[in-house]
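Engineer: Letter by letter, the chains look like this.
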Amino acid sequence: MAATAFADAAQYHREFEDFAAKRNEPDGLLQLRRQALQRLETLGLPSSRQETWRFTDVAALGQMAFQRAGDAPVAADRLPLLEGPHHRLVFVNGRFAPGLSRLQHLPDEALVASLGQALLTHPERVVASLDQLKGLADNPFAARNSAFWEDGAFVYLPRGVVLDLPLHLIFFASGEDTASYPRTLIVLEEAAQSALVVDYRGQGRYLNCPMTEISLGSGAVLDFHLIQEDDPQAWHLGGLRLQQEQNSRFTGHLLSAGGLLTRTDIYGLLAGEGAECHWYGLTLVKDRQLGDQHLLLEHAKPHGNSRQLFKGVLEDKGRIVFDGLIRVQQHAQKTDANQQNRNLLLSRQALAHSNPRLEILADDVKCSHGSTVGFLDPDALFYLRARGIGLAEAQSMLVYAFANEIVEHIKLAPLRERLEQLLSERLYPAAERKV
Amino acid sequence: MLEIKNLHASVDGREILNGIDLSIQAGEVHALMGPNGSGKSTLANVIAGREGYEVTAGEVLFLGKNLLELAPEERARAGLFLAFQYPVEIPGVNNLYFLKAAANAIRKSRGEPELDAMEFWETVHQRMELVKMDESMLKRPVNEGFSGGEKKRNEIFQMAVLEPRFAVLDETDSGLDIDALKVVSDGVNALRGPERGFLVITHYQRLLEYIVPDRVHVLINGRIVRSGGKELALELEEQGYALYSKEPGRARRANA
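One line per chain: the protein sequences are C and F, in this order.
To convert, note that position 153 of the first sequence is 153 in my numbering; the numbers rise steadily by one, no gaps.
Quick note: to get my numbering, add 1000 to the position in the second sequence (first position is 1).
These are computed hints drawn from the structure, not numbers from a lab.
Result set (SDA-like, lysine to any residue): computed pairs, CA atoms no more than 25 Å apart in a straight line:
hint	chain 1	residue 1	chain 2	residue 2
1	F	K1139	C	P378
2	F	K1230	F	Q1085
3	C	K134	C	H331
4	C	K411	F	E1144
5	F	K1108	F	G1064
6	F	K1108	C	G390
7	C	K134	C	Q329
8	F	K1065	F	I1224
9	F	K1132	F	G1092
10	F	K1005	F	Y1241
11	C	K411	F	M1137
12	F	K1100	C	G390
13	C	K286	C	P80
14	F	K1100	C	E408
15	F	K1139	C	E417
16	F	K1139	C	S396
17	F	K1100	C	L422
18	F	K1139	C	L412
19	C	K411	F	N1094
20	F	K1139	C	N404
21	F	K1100	C	V407
22	F	K1100	C	Y428
23	C	K411	F	R1140
24	F	K1065	C	A392
25	F	K1139	C	D379
26	C	K411	C	L422
27	F	K1065	F	E1051
28	F	K1139	C	D377
29	C	K134	C	F16
30	F	K1108	C	A392
31	C	K22	C	R34
32	F	K1100	C	D379
33	F	K1005	F	S1041
34	F	K1100	C	E425
35	F	K1108	C	E425
36	F	K1230	F	L1181
37	F	K1182	F	D1134
38	F	K1139	F	A1101
39	F	K1139	C	A392
40	F	K1139	C	A413
Just chain C, with the same shape it has in the complex:
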């Protein structure tokens, strides 16, 4: 199988033709892939001279040759399974793993399947929704995924259908110098409801380029969770497009804890009146990890409401980049938008770049943003110690409390408990280090 050199356009083409010839897909889909390939050629590899890639240097990717990942056996105990009843689809290196997946009883009209299966049974549904949303047009990794995705998850809930049990998607990557392109397509029609957990995990020095598209019809409600715990040597460059119609409600939780270099680019369009979009994000970095979150939430219609609370905990030489933009279009009056980014430095070598931005074209809106970068509060530390609590434990309590503000928003108890466990395992020993 051909290696994918990032810098070499001719090689994209060879690889693409090779890949496309074996796909046997509807013409519409192949067309989308070709368009994405063209975008990819135009965009090339981002350079740190570009404003949005200024602090996240991916030039090293140009020197690497990633093979398309092969099949790899994965033991079930390596998967971040959730307690309690739920639907589960597992993908290994971007390919569906039916043996690890398990669907409970679904409402008759609901469609929950791998994209590959859905293309066989309901191709028109997939083609109608895939790659149709606005956003990330200038992101080469999104384009890569659109050109090269193999499989992923498809969720279609028609009008009024409520998925009672949470749906858990696990994308496991495995291999050395391999790349995978998981794709997730979520379509909730009017008043449909669901809770979704997407887990990224893996083992090895791989490139993970996932792309998620979420479309919410009028009054639809989605509780979304993205948990990134990739291998410490892995690169994770993901994208997410979201579009919300009238009075729909989206709550997104993003936890980024793994990977060597990870970045998620999010574009959300509040396309209908009264749409509500809340994001809670937590990025944990240590050693030489870099965690980058870029968000653009665009209010296109009046009475929209958006919240972004992104927190970061930085240890060692970890680095965090946060770039959030609230864009309010001219007619989006009565928009209520707030964005907060808070970073806690646990080491003097750590570095946080915070870039909160507002772009407001309407005149009757309530928009605010704020950003902080700081060390643990010495007054709070002293207060705890003055009550007999040791320095290390006092530090841990404060770090945990800072991070848990994000996790405690999660309504799904089994996931919240899992993440609380992750926080205490990761942050307790960390805080014992000298600050």
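Mind docking chain F on chain C? Use the hints.
Structural biologist: Chain F in isolation, oriented as in the chain C frame:
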């Protein structure tokens, strides 16, 4: 119990305490009064071990131990308690969880087993009544969104649960209305006993009507200029501190 000898301390190179001598025995309540900027809170912070204060001379002995060599948590474990003038809000740390961690840290240092949840809950319930604290305050993050009075009550409540040998109350009366002042004072009085000592720091005589001290000391420009019985507080109330201040200009600067 607490022995302070010729204590000098400075902040950012500026000397605040100019040779304090003070001896407090178990069972005694001493009041330390003085104008703003006289060094009252500096003394409290030096005793509790807050960073940023440099002790340039003198010593502080607590139950025979050299207190100044100990980390703040070691002082607390040895039985020292500071009721803060400005209790800190700690978002995300549950009040009850915090208090249990503190109680267990102190017990552990004494080689005692940790309290089980039931035992701890019983102690907490008893002590809550002492300061008329609402149960909902236990479930909230430490001091977060508490009113001034609630914060001060929470300090006395913590003291009641942790049962220190010696407590420093740093302007616990500031910002309290008369009802809250009574509640807080009742709490303190209930904890008075032959084994326990108190240093009550205050600007006003009012608190000392409720917590009647054995001794009263007047602190001016980092020095105890006069000591006496409880009647000294009344005298100060009438005459003010101006009488003692030879350098009013300096007192004003320290105030600013």
